[in-house]
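Protein chains in written order, with this note's numbering: chain D, 1 to 689; chain W, 1 to 689.
Hints are computed from structural coordinates only; laboratory data are not their basis.
Careful, some of the hints might be misleading.
Given that identical chains are not distinguished, each listed pair holds provided it fits within a single copy or across any two copies.
To be verified - Listed next, the in silico BS3-like pairs over lysine-lysine satisfying Cα-Cα at most 25 Å (straight line):
| id | residue 1 | residue 2 |
| --- | --- | --- |
| 1 | 390 | 345 |
| 2 | 320 | 245 |
| 3 | 549 | 311 |
| 4 | 442 | 481 |
| 5 | 90 | 442 |
| 6 | 390 | 368 |
| 7 | 481 | 368 |
| 8 | 465 | 184 |
| 9 | 184 | 367 |
| 10 | 368 | 184 |
| 11 | 160 | 90 |
| 12 | 481 | 320 |
| 13 | 390 | 320 |
| 14 | 549 | 367 |
| 15 | 303 | 321 |
Number of protein chains: 2
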Amino acid sequence: MPETTRTPRKTPRAPAATAAIAGLPSNGRVRAVIDQVLPAVDAGRFAVKRVVGDAVAIRAHCFTDGHDVLRVVLRWRREDDDNTHEVPMKPLGNDVWSASFVPPEVGRYRYTVIAWVDPFESWRHEMVRRVDPDDIRIAARVGAQEISACARRAGGADRKALDAWAGALQAMAADARAEVRALKALALDDVQAQRARAYPDRSLATEHPIELPLVADRERARFSSWYELFPRSSSPTPGRHGTFKDVVARLPAIAAMGFDVLYFPPIHPIGREQRKGRNNALVAQADDVGSPWAIGAAEGGHKSILPALGKPADFLNLVKKARALGIDVAMDIAFQCAPDHPYVKQHPQWFRWRPDGTVQYAENPPKKYQDIYPFNFETDDWQALWIELKSVFEHWIGEGVTIFRVDNPHTKSFAFWEWVIGEIKRDHPETIFLAEAFTRPKVMHRLAKLGFSQSYTYFTWRNHKHELQEYFTELASGPGKDYFRPNAWPNTPDILHEQLQTGESAVYMTRLVLAATLAASYGIYGPAYELREYRPRDPGGEEYLDSEKYQLRHWNHDDPGSLAPFITRINRIRRENPALQQDGSLRFLPVDNDQLLAYAKTSEDGSNVIVTVVNLDPHQAHSGWLQLDPASIQVDPQQAFQMHDLLSNQRFSWRGAHHYVRLDPHSVPAHVFAVRRRLRDERDFDYYL
Amino acid sequence: MPETTRTPRKTPRAPAATAAIAGLPSNGRVRAVIDQVLPAVDAGRFAVKRVVGDAVAIRAHCFTDGHDVLRVVLRWRREDDDNTHEVPMKPLGNDVWSASFVPPEVGRYRYTVIAWVDPFESWRHEMVRRVDPDDIRIAARVGAQEISACARRAGGADRKALDAWAGALQAMAADARAEVRALKALALDDVQAQRARAYPDRSLATEHPIELPLVADRERARFSSWYELFPRSSSPTPGRHGTFKDVVARLPAIAAMGFDVLYFPPIHPIGREQRKGRNNALVAQADDVGSPWAIGAAEGGHKSILPALGKPADFLNLVKKARALGIDVAMDIAFQCAPDHPYVKQHPQWFRWRPDGTVQYAENPPKKYQDIYPFNFETDDWQALWIELKSVFEHWIGEGVTIFRVDNPHTKSFAFWEWVIGEIKRDHPETIFLAEAFTRPKVMHRLAKLGFSQSYTYFTWRNHKHELQEYFTELASGPGKDYFRPNAWPNTPDILHEQLQTGESAVYMTRLVLAATLAASYGIYGPAYELREYRPRDPGGEEYLDSEKYQLRHWNHDDPGSLAPFITRINRIRRENPALQQDGSLRFLPVDNDQLLAYAKTSEDGSNVIVTVVNLDPHQAHSGWLQLDPASIQVDPQQAFQMHDLLSNQRFSWRGAHHYVRLDPHSVPAHVFAVRRRLRDERDFDYYL
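Start from the sequences, fold in the hints, and give me the full structure.
If you want it as structure tokens, here you go:
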């Protein structure tokens, strides 16, 4: 069989799980068993996530009764295309079969596995081991029958050749003078066998009853570096409301830092009713700009732009300029309304009305959010609501947006998300959705399963060594590995973690290195991070003082203490080292010091290995012995290998499994080592030229 | 809602997994999510196994968007009965809900979970936390609406009471002079709330799309002690062919040892063609009795009895006498034929014929089994073959057999086993099937999934501490825990393990204690074990010399070296300690000596804890420190507790977490401790009276 063939699909989509119990099955002669096909998310209820161009490795657990030989193929197709492709699967031992395919385009795929007991291969497998001359003669005649059967399934020249082979085998088996050794050699002819294999008898094939779904995203779904800013604070003139044009002026600096996703909080008209003032004051002053998440006013709602930021053409121009620099603009989708959002008058049935004639605003008693009306997803008019919300995505996709950061998806209907993401990705498969759900684990996992491409994580609150090890081991190797893509943020406009409230450079560097090397996707709430904004609004709280959420801010990008150069280096290391562009290979390395965290990541092909060591204590130098087995990184245990610190550009020669490390937070609190296996590695000399 | 209600079933059996993607779902207002229902085997493809009378604990992962309150119920039914039972599920935290049900009879069951966002409970949950008087007044009016809705779903007195409550709440909320505290108290009235809860609005309920299957077996499927013997060797007179009557005479001794399953190798007529001689000789002598697994001769096949053993009435009598002693007779089912089995002439199409006109005998080249013809499960006449093989089970069930030990099921069609076990257990749910498959792990697991009640294990070849720990941890806690019930055998007629070939008493005791305390089901190939038959046929092999498989043997049950008293004690300990009657609770305990293996098992209710310590070295005494955290066995860490060795009847006082143990193989190589938490435990004094 050729490596990949195209055959028409005939898989029934649903299993008839218990048909056998009610009576005889339709064909009891089928003997091949397919016990598992992996990966699978909830037995195919949800799609596995992969990236276009990456090989998707499929494994199947297949066997049959007795000693007969199986053949197994992987069959895959685009979900919207009935033409299927087959790839032979190879046995890895222990009844595990393996094959892979590379999704050629973004979109949804389906895959399943087919196995059959192969009479020709079974016969050949036994013939190899036969020694008794009488057995060999009888077996040769059995083989001639199998080969004739292959010939009947073949056409043209192959049919003739196989018939001739069968005839020769039959004749020699019947000839008592023929040498048994020659007979066995003829029976086991490799060229003929290869020809016969192209015409297998698949009439008794077993097909895995589920065609498993898979989403192939573009690469940025797996590997992305996010930068969040408030456009209204991007003006170079203090006190002036920033505009999209101001953001365009910042683009080269953002691109130079190495970010590839630029994310804005909502850019829509901001409600005036119940508007919040600075520092979340219940009553706004006349010049207060309000929270961008209180969406909608007389000027428009979720499809409109706040006039102070610019016109639609300005936004379009920004998206275009960003793209030219390799940056995607990500839109914030917050499905909620200010009291003066046009929806409230146009579609009152989409909100929950109280007996006093007011709308039920968002609350979690005794907390109240008077400036925000949630949608009522139990409304009788839910179809219209869903279709309208879907049109919000479509509107911005029309404006060039391909990435959406969804605000609090866990407070909206899960069924809605599954539907809307499915619909949008069917028509625009390049779209990426990031779920901003800081909530309970099972809820976050469900959102990822039902379609979100990336998910915010608990990283911000994982600070100690054991916490980080446990959490990222779960992310890299737990059940979510096939559907939950972490996006790690050291800060957000809502979260100034206590650790950052000292403003110490070492903490900001440490948390950045951790986010950027533990997770293939990470992000920072930008100006506030690189300029180390550290003042909390309330002692013990995580809100920023004078937060941009409620007022304009001005940022001094020329501050000599800016972390921009450090961030630039980190992002360059990420871009140049495939090991850091995926999550699955992460493994932690033992270090005998609780303040030192070490871990290795390896690229898919094994050629690129990055070992990161971080000092978690921002105040003191720490040293310790790190354990790294050379064999685990394909290094000869007898040879020295070079560890090239891509942060400091220092080089260390290591040998064996135990290595001394020391990190002083007063210089750089981390090593990001590239393993140089040969001293004259091609990347070794030109790296920092 | 009452604890258990009966409602008509309306579950659709199959999920419409991806309907939402093709367009709007049928009811987008449904907001409750059921992410997982556990236990489940391959997402419901196969049944979970439990035992009648044991509570089946079901967990579900359920949540909804936002802060609304869910109600969740477990729904279960007999598979053949549309009447369902509902049990409210309780939240355990972390979105896990729990409930259980007790299958009242043996048979197959189905269970699923239903969840809904409950407007009444959501309202009440918020009302509890409200403090603002205006909010409370408005919320009371909202509550009156919810209560009225409950009233509309109620009838009779409840309807009246709920209407009255709603009216009172409405009136008090409208009365500006009414005290807010009184209004809140009226709204939160517990008695009224309990009444309202009985009439929930389930119109937007989510139902888990799969009704998961469960098999409730009788207790012996979980907990059984097997004794294997060859009836033909049971004659008290050396040289005379044993009979069923001879076995009847042995029954009291077997019952006294504490066994509850008596298993015979095949009892059918033995083929004469190609009969094997003593020690597997290719040519039998005239007086050789042949292998019982070469089934079938002129006298009959799988439904017949070897005349030398007795008549059908003798077998019936034996089954009856055994049952009176609490013993089930287990029948060996080996679906293969001697060349002179009547099937070969009557149904030649059930065998694979070779071009020379002979039948393809069993072989695994270059090995040959000329005395055995396998069935061809790919025969065109497979329906007739399956129905005939099923009738073999039915025949012996008619003779009172309820347990079948199936020989090499992995060399017969898996689809056949799934069908035949399903059919037999539907009509005879008390039937137990033991799979004798010593083969690759995935194959053994598949056989267990598709219906075998118990499975032979690798125990025989797991001898070192780490091997035993790893293997039994996997059996107790791995994915097989819901469907793979281990049955551990220290020996079988096919396996005289190298360890046993010294004949040392300590080895025989050690392996017996391990099998009987690690696994809830275990067995021995009896006379050869208790009389320590240790001579191998070939050096380095595992076959017995002068094996009963090919000749008559005579056993001296009066041998003073017999292990019968030791076995009797072990089986009594098993019978009296529920901790040893299940597999799930096993956990190994650290001991700082590689020759000492220690583990604890705890009964379902926690009241019975057995700690076993075994010296794996048959030659030397070993001592070490065993770690047992008192809290893990519900013992106050400050108090001493008594460890009562049920083998030696010695008592030890332990305190804290570290305990010294010492075992000398020259006396008894094991402790089987019962933990006595109180010094005056009720079982303490009467145990060995």
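Inset, instruction - Report the numbers of all earlier hints that the structure fails to satisfy, in ascending order. - result: 6, 7, 8, 11 and 12
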